[in-house]
Amino acid sequence: MIYSLYIINKAGGLVYQRDFAEQLEKLSSNDYLVLAGTFHGVHAITSKISPVPSSSGIEVLEAETFKLICTQTLTGTKFLLVTDPQHQNVEVLQKKVYDLYSNFVMKNPFHTPEMPIRSDQFDAGLTKLISEA
Amino acid sequence: MSDPSAYAYPSSNSARLSTTSSVYTDGRQNRTKSLLERNLNRTKGAEVSLSALSFLFSEMIQYAQKRVNGIQDLERKLNELGYRVGLRMLELLVWRDRNPKRETRVLSILYFIHTALWKGLFGKQADSLEKSTENEDEFMISDNEPILTKYISVPRELSQLNCNAFIAGVVEAILDSAQFPARVTAHTVPIDGFPLRTTILIKFDKEVLEREEMLK
Chain Y
1 MIYSLYIINK
11 AGGLVYQRDF
21 AEQLEKLSSN
31 DYLVLAGTFH
41 GVHAITSKIS
51 PVPSSSGIEV
61 LEAETFKLIC
71 TQTLTGTKFL
81 LVTDPQHQNV
91 EVLQKKVYDL
101 YSNFVMKNPF
111 HTPEMPIRSD
121 QFDAGLTKLI
131 SEA
Chain A
1 MSDPSAYAYP
11 SSNSARLSTT
21 SSVYTDGRQN
31 RTKSLLERNL
41 NRTKGAEVSL
51 SALSFLFSEM
61 IQYAQKRVNG
71 IQDLERKLNE
81 LGYRVGLRML
91 ELLVWRDRNP
101 KRETRVLSIL
111 YFIHTALWKG
121 LFGKQADSLE
131 KSTENEDEFM
141 ISDNEPILTK
151 YISVPRELSQ
161 LNCNAFIAGV
171 VEAILDSAQF
181 PARVTAHTVP
191 IDGFPLRTTI
201 LIKFDKEVLE
211 REEMLK
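Here the protein sequences come in this chain order: Y and A. Residue 84 in the UniProt record's numbering sits at position 84 of the first sequence, and the numbers go up by one each step. Residue 174 in the UniProt record's numbering sits at position 174 of the second sequence, and the numbers go up by one each step.
Don't take each hint at face value.
[What the hints assert, rightly or not] If you want the footprint, here are the derived chain Y segments under chain A, 3+ residues with CB under 8 Å:
#	stretch
1	97-109
2	115-124
[Claimed, not checked] Stretch by stretch, here's where chain Y covers chain A in the computed footprint (C-beta under 8 Å, at least three residues):
#	stretch
3	61-68
4	147-154
Calculated from the structure, these hints are not laboratory results. Don't be surprised by glycine CBs; every beta carbon is placed ideally from N, CA and C.
Please take these sequences and the hints and turn them into a complete structure.
This is the structure in structure tokens:
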């Protein structure tokens with residue numbers, strides 16, 4: 001079960017947020033921004049305090065009720081997927097989300113880099129991907 | 001007397017980069033052959049990556065968008081860009097044809113666009129070629145999934161825009177240079193299962209239909 005997807009730009013701003021499960025509590029749009037910014041900070045701290053040099057920072061956060069998987073691209077964009085704790089094979093899904101992003105967001109002339117994502121085809125692709133997963 | 005060294009030829013080691021094949025074609029083309037030496041009629045293995053094309057077209061739209069006022073102006077600009085491609089495509093396609101000829105009838109030039117042009121540009125035929133039921137002088141060529149705009153999502157405030165205005169420009173140039181002057185526009189006409197279906201609307205000038213009438 002996939003709960004939600006967050007895409008955070010390299011400056012820590014939330015550029016995309018979408019819930020896929022019904023039972024999730026809705027937050028105000030400001031709260032989502034704060035959440036994204038907080039995670040961005042936590043990610044920066046974890047990569048600094050790691051005992052191993054050049055750590056990529058937090059990758060998985062497992063809790064009793066959810067699991068959060070973070071992948072960072074080479075350009076510093078972070079994809080966060082929140083799933084149920086038992087969910088397997090999230091890496092494959094992350095890759096497919098990144099695939100959709102690089103096709104329908106980056107190749108869209110009406111998208112400005114680092115700005116909120118508004119692309120109908122990206123939305124439709126995600127809906128299809130999550131319903132199949 | 002002028003100094004002859006002022007007209008010195010470029011030294012042989014300053015090879016012009018634009019004529020040597022780029023690394024992107026590695027594995028598909030013989031790298032020692034420059035673009036200009038390749039056979040014009042051999043299209044196999046000379047396909048362009050869709051990603052590269054999409055990024056280039058995306059930049060072209062962003063470039064055009066900075067220099068226009070309004071949607072209609074943007075479509076006109078894209079049409080102009082396509083026009084330059086169309087002029088060259090007609091020459092190239094006729095050259096590649098096994099038994100090339102000059103089309104003189106409306107239907108045969110439309111069929112040429114529907115088949116030869118679409119195959120030359122996109123590797124497939126267009127999905128339909130229709131005559132308008134309302135107007136004598138209008139014809140429509142439709143593509144269910146236009147490759148060029150595959151990754152483009154037009155924002156709501158520009159919903160009137162169809163980026164295939166570029167293709168309309170290509171078609172207009174071909175018709176113009178084949179002596180079938182026409183106005184060509186692109187419209188989004190979604191049907192079930194094909195939300196991006198695009199219709200290229202061709203409106204011929206009066207003289208074309210008058211001539212067609214004489215040829216009958």
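Structure-based check of all given hints:
no. : hint    : in the structure
1   : 97-109  : holds (count 5)
2   : 115-124 : holds (count 5)
3   : 61-68   : holds (count 3)
4   : 147-154 : holds (count 4)
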